[in-house]
Amino acid sequence: MKFLTTPRIDRCIGCHSCSLACARLIHRQISWSSAGIRIHSAGGLSTGFVALVCLGCDPAPCVAACPTGAFSQRSGGGVVVRKKHCIRCGECVTACPVDAVSQDHHGEVYVCLHCGRCVDFCPHNCLEFDDLDPLTRSLHDD
Amino acid sequence: MTDCFRVLAVDLAAGKSRIELIDERSRVAGGSGLAALLFSRYGYTDVAWNHPSQPFILAVGPLTGYFPLMSKTICAFRSPYHDQYTESHGGGRSALSLFFAGYDALVVTGRAKELSCLSIGSRHILIEDVSFMKGYGTAMTGKLLRRMFSKSSGHRSILRIGPAGEIGSAMACINIDSYRHFGRLGGGAALGAKNLKGIIINGDSSRRLPDGREYRNIYDKVYQRVTSTDMMRKYYHLGTAVNLQGLNDIKALPWRNLQTTSDPEVSKINGDVFADQTLLRNAACSGCPVGCIHLGFFRDKFKEDARYLYHQVPYDYEPIFAAGTMLGVTNCYDVLRILEDFERVGLDAMSAGVALAWATEALERGLISVRETVASLKFGNVSAYQEAAGYLGTGYNEFYRLLGGGTLKAVSVYGGEDFACVLGQEMAGYATGSLYFVAQSLGFRHSHLDTGAYSYEQKHHEKDVEKAVDFLIDDEPGRVLLTSMVACLFARSVYDTETLAQCLSAAGFETLAGSLEETAERIRRLRWQVRIATGFKPDDVEIPKRFYSVATLQGPVDAPYLDRLKAEYGRRIMVLGRPDTPSD
Numbered sequence: 001m002k003f004l005t006t007p008r009i010d011r012c013i014g015c016h017s018c019s020l021a022c023a024r025l026i027h028r029q030i031s032w033s034s035a036g037i038r039i040h041s042a043g044g045l046s047t048g049f050v051a052l053v054c055l056g057c058d059p060a061p062c063v064a065a066c067p068t069g070a071f072s073q074r075s076g077g078g079v080v081v082r083k084k085h086c087i088r089c090g091e092c093v094t095a096c097p098v099d100a101v102s103q104d105h106h107g108e109v110y111v112c113l114h115c116g117r118c119v120d121f122c123p124h125n126c127l128e129f130d131d132l133d134p135l136t137r138s139l140h141d142d
Numbered sequence: 143m144t145d146c147f148r149v150l151a152v153d154l155a156a157g158k159s160r161i162e163l164i165d166e167r168s169r170v171a172g173g174s175g176l177a178a179l180l181f182s183r184y185g186y187t188d189v190a191w192n193h194p195s196q197p198f199i200l201a202v203g204p205l206t207g208y209f210p211l212m213s214k215t216i217c218a219f220r221s222p223y224h225d226q227y228t229e230s231h232g233g234g235r236s237a238l239s240l241f242f243a244g245y246d247a248l249v250v251t252g253r254a255k256e257l258s259c260l261s262i263g264s265r266h267i268l269i270e271d272v273s274f275m276k277g278y279g280t281a282m283t284g285k286l287l288r289r290m291f292s293k294s295s296g297h298r299s300i301l302r303i304g305p306a307g308e309i310g311s312a313m314a315c316i317n318i319d320s321y322r323h324f325g326r327l328g329g330g331a332a333l334g335a336k337n338l339k340g341i342i343i344n345g346d347s348s349r350r351l352p353d354g355r356e357y358r359n360i361y362d363k364v365y366q367r368v369t370s371t372d373m374m375r376k377y378y379h380l381g382t383a384v385n386l387q388g389l390n391d392i393k394a395l396p397w398r399n400l401q402t403t404s405d406p407e408v409s410k411i412n413g414d415v416f417a418d419q420t421l422l423r424n425a426a427c428s429g430c431p432v433g434c435i436h437l438g439f440f441r442d443k444f445k446e447d448a449r450y451l452y453h454q455v456p457y458d459y460e461p462i463f464a465a466g467t468m469l470g471v472t473n474c475y476d477v478l479r480i481l482e483d484f485e486r487v488g489l490d491a492m493s494a495g496v497a498l499a500w501a502t503e504a505l506e507r508g509l510i511s512v513r514e515t516v517a518s519l520k521f522g523n524v525s526a527y528q529e530a531a532g533y534l535g536t537g538y539n540e541f542y543r544l545l546g547g548g549t550l551k552a553v554s555v556y557g558g559e560d561f562a563c564v565l566g567q568e569m570a571g572y573a574t575g576s577l578y579f580v581a582q583s584l585g586f587r588h589s590h591l592d593t594g595a596y597s598y599e600q601k602h603h604e605k606d607v608e609k610a611v612d613f614l615i616d617d618e619p620g621r622v623l624l625t626s627m628v629a630c631l632f633a634r635s636v637y638d639t640e641t642l643a644q645c646l647s648a649a650g651f652e653t654l655a656g657s658l659e660e661t662a663e664r665i666r667r668l669r670w671q672v673r674i675a676t677g678f679k680p681d682d683v684e685i686p687k688r689f690y691s692v693a694t695l696q697g698p699v700d701a702p703y704l705d706r707l708k709a710e711y712g713r714r715i716m717v718l719g720r721p722d723t724p725s726d
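Chains A and B are the protein sequences, given in the same order.
With the working numbering applied, the first sequence covers 1 to 142.
With the working numbering applied, the second sequence covers 143 to 726.
These aren't lab readings, by the way, just hints derived from the structure by calculation.
Treat the hints loosely; a few may be bogus.
[To be verified] Quick look at which bits of chain A chain B covers, simulated, 3 or more residues with Cβ under 8 angstroms:
1. 1-15
2. 31-41
3. 55-61
[Said to hold, decoys possible] List time: in silico DSBU-like cross-link candidates among lysine-lysine, alpha-carbon distance up to 35 angstroms:
4. B:K276 with B:K551
5. B:K410 with B:K601
6. B:K605 with B:K687
7. B:K276 with B:K520
8. B:K393 with B:K276
9. B:K285 with B:K445
10. B:K255 with B:K393
11. B:K363 with A:K83
12. A:K83 with B:K551
13. A:K83 with A:K2
14. B:K393 with B:K363
15. A:K2 with B:K293
16. A:K84 with B:K293
17. B:K363 with B:K285
18. B:K363 with A:K2
The beta-carbon is built from N, C-alpha and C at its ideal position, and this holds for glycine as well.
Chain A on its own, in the form it takes in the complex (with noise of 0.2 angstroms):
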């Protein structure tokens, strides 16, 4: 099961390339908020940035919160979304201990579902996609 992560996110510059390619490709918008990766400075921008992105919990604390079971557990880690399911309640978002999980005005609920379509958008290959096991991957993101 392959994972995005954010391994060189020190390298990142905050052209926010890669939020943008998210909402273009997967969820058919233009943004840099209703996206899967959201990039935010680290306080301020003279201490660069960080990007906002689903870790791949196993057992997820968004699916447990999740009423309807339209976030279902991805088998490794991570969520499985089914829009129709969701009733826009948000109880994700609060369950989210990172931030992972955003909110449109609409209701709307955005998650990565790593599926590496940002990584190549990326200029300066902050982003990796690839199947490292949990622990390897914790080292990398190091």
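Based on the hints, put chain B in the right spot on chain A.
The following block gives chain B in isolation, referenced to the frame of chain A:
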């Protein structure tokens, strides 16, 4: 896509706002064209720049958010520098924030009763009293505004001014997201005249994806060109700082108030030195994968023991010229120190550096004394320039208040016009020759980017007035088109007319895509019409003697040739901007 512009108009005095839908997309495109249109609707030609009724305008373009490097915002206002209509261009997050807030433009009129900040988004408009920020520097103001307006963190832009903007200095800039600026011609004072310390733009909504595969195909093509070729390497590698060595080598780099145009000391502050010794990291404007922002650092030891603090300062060719070669400062860390002090008070680095270079020579020649300058200005005296930055930015005394209005304002009292390095405004760092001097003097923004004169001059050495002026006239519409999209001008090799047409068509602006050349010409004329209506006269712009006496790339300046260039370019501009010329 809709052909209507969606404009948010905020009246600070009334505390009311309204949304205007303007059906002029196919006529003026956006960006520069939209800004000129909005000034012609909201602006006044018969009252001064700081009258509360004058508009402060931000505008983005039809390709903002849709394509890479469409990352700039046009800031338009009546300038405190010459009391005429002008534009200043800046990036950071401003363009995408305004676009994702759901607006093509923001127009601010009126004057807030108290020092305030304006926060806008797709679903809110808030005017907040920030009287306690009076006199605060741009960095502290940014920190406080981030704390006060934490919503949309990461997807917002924070514009703010320092004390220079509050006191109405014509050299006051607007800081954008810490490292970018609406730098030239006093945008900071235009904001200060509104009693606005800052504007927070929350990009908190999304836009519809254009239909069909056409958009995706052209997006991928442009993205590949930008990221997979060397087209943009010049900008992200050493950045524009690479020009220091090159221009010095061809005798086109102004040194010590343009007393000379080449100096071996350049080896201490060229692009390689800045990259090797000070470059901390790169950053990008939102929507631009190039990442041309170069952040340098310097550190200060603040105790006897090994106690240090560090500072991050963006650098580029122009600021290094202004705070480095022009002031005779040849240590890269010292250049950053001076730049940070300009930044702290919210001064445009280029204007401030060039003005202080004049003050240094005026002091040297005895036209002024330390009674005026307070600081012991001397080429290479870093601490004196750091001290003077504070005086200039806060209007410490009558001398600095005059100088902040533009070097020629100080000249009118103290003399020293011959060596004032002013070409419409304080010069940019190109002493390539007569054509550049004329082009900046009369150019719309008095910017080296108005036309490619500095580049033309490096390739053409013949003295053909008609041919040279034809080049300036012919070169302008293409640039105006890009600043109406609104592209970063570094992307001008990426976005040729054919590519722009494909992008516009894919984004749903078919009418515009089919009429680019006439639209560019229309916008160019509209801009000049607005400028001329607010008082621009080529004959009022004089080129000081220093520019006639310096050795340039072209050798000694041929005075009659320079004068003929200026007369002809001025004549052609006035024809372009004739009020009776239909802007259609």
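These are the hints, each one checked on the structure:
Restraint check on the region 1-15 of chain A versus chain B: 3 residues with Cβ-Cβ distances below 8 angstroms, three needed, restraint holds. With 8 residues carrying a beta carbon less than 8 angstroms from a beta carbon of chain B, the region 31-41 of chain A meets the three-residue requirement, and the given coverage holds. Interface restraint, the region 55-61 of chain A with chain B: violated (0 residues with C-beta to C-beta distance below 8 angstroms; minimum three). Using a Cα cut-off of 35 angstroms, the hinted pair K276 of chain B and K551 of chain B holds, with the two alpha carbons roughly 26 angstroms apart.
For the hint linking K410 of chain B to K601 of chain B, the alpha-carbon distance of about 28 angstroms falls within 35 angstroms, and the restraint holds. Annotation: proposed proximity of K605 of chain B to K687 of chain B holds, straight-line Cα distance about 20 angstroms (limit 35 angstroms). With a C-alpha separation of about 32 angstroms, the suggested pair K276 of chain B and K520 of chain B falls inside the 35 angstroms cut-off, and the hint holds. At roughly 44 angstroms between alpha-carbon atoms, K393 of chain B and K276 of chain B are farther apart than 35 angstroms, so this suggested pair is violated.
Among the hinted pairs, K285 of chain B with K445 of chain B is consistent with the structure: their alpha-carbon atoms are about 25 angstroms apart, no more than 35 angstroms. A C-alpha spacing of about 51 angstroms is found between K255 of chain B and K393 of chain B, which places the hinted pair above 35 angstroms, so the restraint is violated. About 32 angstroms separates the Cα atoms of K363 of chain B and K83 of chain A, which keeps this hinted pair within 35 angstroms; it holds. A threshold of 35 angstroms between alpha carbons decides the hint, and for K83 of chain A with K551 of chain B the separation of about 65 angstroms lies outside it, so the pair is violated.
With a C-alpha separation of about 22 angstroms, the suggested pairing of K83 of chain A with K2 of chain A holds against the 35 angstroms cut-off. Taken as a hint, the K393 of chain B and K363 of chain B pair is broken in the structure, with Cα atoms around 39 angstroms apart against an allowance of 35 angstroms. For the hint pairing K2 of chain A with K293 of chain B, the CA-to-CA distance comes to about 33 angstroms; that is within 35 angstroms, so the pair holds. The straight-line distance between the Cα atoms of K84 of chain A and K293 of chain B is roughly 29 angstroms, inside the 35 angstroms bound, and the hint therefore holds.
Taken as a hint, the K363 of chain B and K285 of chain B pair is broken in the structure, with Cα atoms around 39 angstroms apart against an allowance of 35 angstroms. Using a Cα cut-off of 35 angstroms, the hinted pair K363 of chain B and K2 of chain A holds, with the two alpha carbons roughly 28 angstroms apart.
In this structure, the hints that do not hold are numbers 3, 8, 10, 12, 14 and 17, in rising order.
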